[in-house]
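Protein chains: 2
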Amino acid sequence: MKNFQVIFLPSGRRGKIPQGETVLEASRELGVGIESICGGKRSCGKCKIKCVQGDLSPFTEEEGRLITESERTEGYRLGCAAQILGNAQIFVPEESRTQEQVVRKEASERSIELKPAIVPQFVELSPPSLHDPLGDFDRLQKALCEKYHLPKIRIDYPALLKLSRALRQGEWKVTVATWMGQEILDVKPGREDNLYGIAIDVGTTTVAGYLCNLTTGQLVATQSMMNPQVVYGEDVLSRIAYALTHPDALEKVNRSIIDALNQLIGAVAQRTGLTSEDILELTIVGNTAMHHLLLKIDPQYLAVSPFTPVVHRSMDIKARDLGLKVHSSANVHILPVEAGFVGADNVGVLIAEEPYRQDAMVLIIDIGTNGELVMGNRKRLLSSSCATGPALEGAHIKFGMRAAPGAIERVSIDPNTLEVNFKTIGEKNWQLGSSSASAIGICGSGIIDLVAELFRNKIILQSGRFSEGIPSSRLRISDQGREFVVVWKDETSIGKDITITQQDIRNVQLAKGALYTGAKLMMKKLGVEKLDKVILAGAFGTYISTEAAMILGMFPDCDLRNVYAVGNAAGDGARIALLNREKRAEADEIAQKVEYVELTIEKDFQKEFIDALSFPHAKDPFPHLKGLLKE
Amino acid sequence: MKNFQVIFLPSGRRGKIPQGETVLEASRELGVGIESICGGKRSCGKCKIKCVQGDLSPFTEEEGRLITESERTEGYRLGCAAQILGNAQIFVPEESRTQEQVVRKEASERSIELKPAIVPQFVELSPPSLHDPLGDFDRLQKALCEKYHLPKIRIDYPALLKLSRALRQGEWKVTVATWMGQEILDVKPGREDNLYGIAIDVGTTTVAGYLCNLTTGQLVATQSMMNPQVVYGEDVLSRIAYALTHPDALEKVNRSIIDALNQLIGAVAQRTGLTSEDILELTIVGNTAMHHLLLKIDPQYLAVSPFTPVVHRSMDIKARDLGLKVHSSANVHILPVEAGFVGADNVGVLIAEEPYRQDAMVLIIDIGTNGELVMGNRKRLLSSSCATGPALEGAHIKFGMRAAPGAIERVSIDPNTLEVNFKTIGEKNWQLGSSSASAIGICGSGIIDLVAELFRNKIILQSGRFSEGIPSSRLRISDQGREFVVVWKDETSIGKDITITQQDIRNVQLAKGALYTGAKLMMKKLGVEKLDKVILAGAFGTYISTEAAMILGMFPDCDLRNVYAVGNAAGDGARIALLNREKRAEADEIAQKVEYVELTIEKDFQKEFIDALSFPHAKDPFPHLKGLLKE
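Residue numbers (this note's numbering), protein chains in the order written: chain V, 19 to 649; chain E, 19 to 649.
Okay, chain V solo, but in the shape it has when bound (with noise of 0.2 Å):
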């Protein structure tokens, strides 16, 4: 095979690329960031590059649908779709080049009642003799049986291996580190007080990391990456496709994420002074189909009716089954399942938030690239899941990107001047034209309050479509139909207008009716009028304006002062199990007990979702909303 020399601008690396490799493939290689949302599926228009020179496969119908004809012209290609056919100069325009992701999963204050499932227990024996010749391990047992009262417990093989020495370099006196009274994990010579494990939530977009000492409950750090299986498909539906395309595929897939904890974990260890060696335990969380691809279980079952996973209830496998690096003998346990749709994360969110010892009628909202609903309380509880595409997250919006530095987070409209205000990652106060405003795209949360403010000043009717004769030069028609200009071209640091189209809007009518509709079925199903409480769990949802959340009628009418972020529960859910034991068995139990509803086949569903659609709702009241709407 033929090699090119393709060179990247502006950063100048330059390397040589066999024939037929993509642009994006290239710049993985040559250590080049080019934004892919879709992981090169050409499907999220965001990896454009601009061919400076050389030979590109030609340019296709698939590229057609994502480039304009003027940016056709001035030699833009999806980086996901051409190929290089000879030697080449690809200039990344700045929209495209990866930022690095503001880490929105950090952990949240919470006061968990510590009760580990590996403790230090530091024993002292006496040596052998030849008039007492008893074996090491027994004699350890024995020493354990009297002081902590263990006389059942086992010893991992790897930790049997290490034993012989830590008795004496400890000259008999060593920390055993026990894992739930039944089975020695280590043997360290001396008393050795700090113990750890990590709480890993493993998201379909991010994946974080809590370090923990398990001794003292301390949150040590918090760590978190992409989840690298998105170049195997940006949702569920389409990660699972692809790990059915060939028999090799759901090893590649697993080994993907198995490497990224491997990295993640090396890291933050690292960064505290530990190594991976010092890890214990790991909780994990994650939604069905992240959990079965991470244990390398078929996930074929998932992606068709009836929708089962292969294992509901928790499992305790020792992390190097998995290949896992971490220490030898450490346990992983990973949080039971709901449903095939509802995962281990919604029972992470579970056992964080309780709604199941709360009288108040909940509803939770889990948003990420799959949105999870929960609805209940102490009586009953309910959980469904729906497809919200990553249109929330920032794809499939014209100008959409990840919580980066440059994005738009925050949108106020003038309602006289229908003048733009807004904020973006990384700058401290609100921008309003000005020259150093450093605008590259609108992240989730910015679209929420973008949409919700257009609607407010009825530049958007409640169908969603563009209003007819607003007097505003920001409202125009381009070959796409029409759109809003949020930022000049002038005002942003990528030399074009940012804008909001109506198919933009179209996305977030079809992401907020999904939620909105899994709410009303469950409300249905429940028999509940209203809500009195509704928790936004989910990175996402710490900060998406709460007000502008119901503007655009993402859920059920509820007192605002009821509606409350909480963060990542669901990673918080992890940290929980990994510092409480008994919150593993609670999480069991409250697996079983949540009742799925597969919203799909819910008679009223089609009716339901269509009325959903529109801002904040086609027919039901919004009386919280009374005062923040015109009428």
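Every clue listed holds true.
Which residues of chain E face chain V? A partial, calculated answer using Cβ under 7 Å:
1) 146
2) 147
3) 151
4) 153
5) 154
6) 155
7) 182
8) 319
9) 324
10) 326
11) 329
12) 330
13) 339
Listed below are the simulated PhoX-like cross-link pairs for lysine-lysine, each with C-alpha atoms no more than 25 Å apart in a straight line:
14) 343(E) <-> 343(V)
15) 170(V) <-> 133(E)
16) 476(E) <-> 416(E)
17) 336(E) <-> 206(V)
If you are wondering where the hints come from, they were derived from the structure by calculation, not from laboratory data. Ideal placement from N, C-alpha and C gives every residue a C-beta, glycine not left out.
We have chain V already, so just place chain E on it with the hints.
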């Protein structure tokens, strides 16, 4: 490094060998079988070769001890000492050629109550639907709970990965292999009654495997092989010493036995139309050193006072953690050990022979490279061990050899003529100086017969010294002292007189004296005057004449009708544990109960040992030998 052309004769095998390799190493690389009992440690003298032409390293002092002056002039060398320093032609004399060893570890016929740890459980499930979308494992668990009352059964991780496919292939009818009612090891579509396991006896010299059908209890096949660790030392102490020589040595010694087990299992499975993946459980016995090396446990404390093992009690370890290539979820049950020198093999003997259920005072002798003794009855049980050395297995005996075709296994001496009758392995009839005789050497049972016959006929005295003035040309003086010609040159196939030397007899005395001393000290400890029963366990015990053994004084006096061999009882014990889980608990219990006696610290040890060197003993009476010995 330089390579030289080396040709082995008479086979004609040839190849390039790096400068400095020994002839023995070269022979292994080129697939030429040269005998070596000590594993290349220049101590057994079995690897003699003749240099026909070429450059070898200079003759060493060590070789001088094992090669006579006349052999030296003919060009004889030790294969393990002579290094290749140039192109060479090497002749391998017949007595140095490896013979296929006769498997002497057949399983005994024993009736074993069938209560295997692993049982096949057939269940039929209702398929999932949208109204009953319970996950695969949870569905299976429910069915197992309903039919077999296994409410808390776990599934081993690799089995989980196969689950969804097996359920659907079997159209929701599957057979589950469950272990101890606690864990699912496998799920197979449809009905599958036959499950398999293998019991393994890891001897210092020989490894034997007994493949069993766990459902019927049937012994499907037996397979044995040399323990490849012999190259790292022929007895347990030298093998432990090797394992401590450098950091990777333990890894290497462990790897060699694991590889051997994989090879043995693969071979026996293939022979019987199965595959290694069909093996769901292994039970393993072996002495404590073999036990530690197999588990890759640091054996250093076994070799120094107070000789404590790292672990006494039985262990259940996943085969995959040990690197054994069997079923991915297979369990390895290693029987408990009693002490540093009384291992799981002895526990195997105990559960096979059950002295703890008898009133009679029993002595069980398990003769291997290491001798293990148990004495007692239902009231009390003692165990001890003694270094018999490999003399009784044919090593350290001038014409000693393993039990292989051509080995003299039976000897009688005519009291009148002092002529020798003998029988070799592979020949049906006894031979007396015929030209068809094809003796190569003498194996263990032949040596015992021979020495007993020499003593009965007063050719050797009670002290073990050759008598003077015996009217036979067979008794002669060589440059190494007195020796007795067992087979004249012309009646052998090695073209040399097969003799037994004074040194050979001395080695037999040391071995038998150690056994006798152990038994005697244990009798003293128990306050016992006489033995009711003597059981010879071990492959070796099966082939020796009990009469000859008592004439030599290998054990104290006993009615010969109550002295019998039980074959490889250690291997039988492993098989019993494989087929009956309750016997595993019994093994753990008895291993704790038996009292280990460290013989060397007993105050009468030296005195007793010296008296025990005589045939049959310096002082103790042997009423049951009356009539068997001339006065």
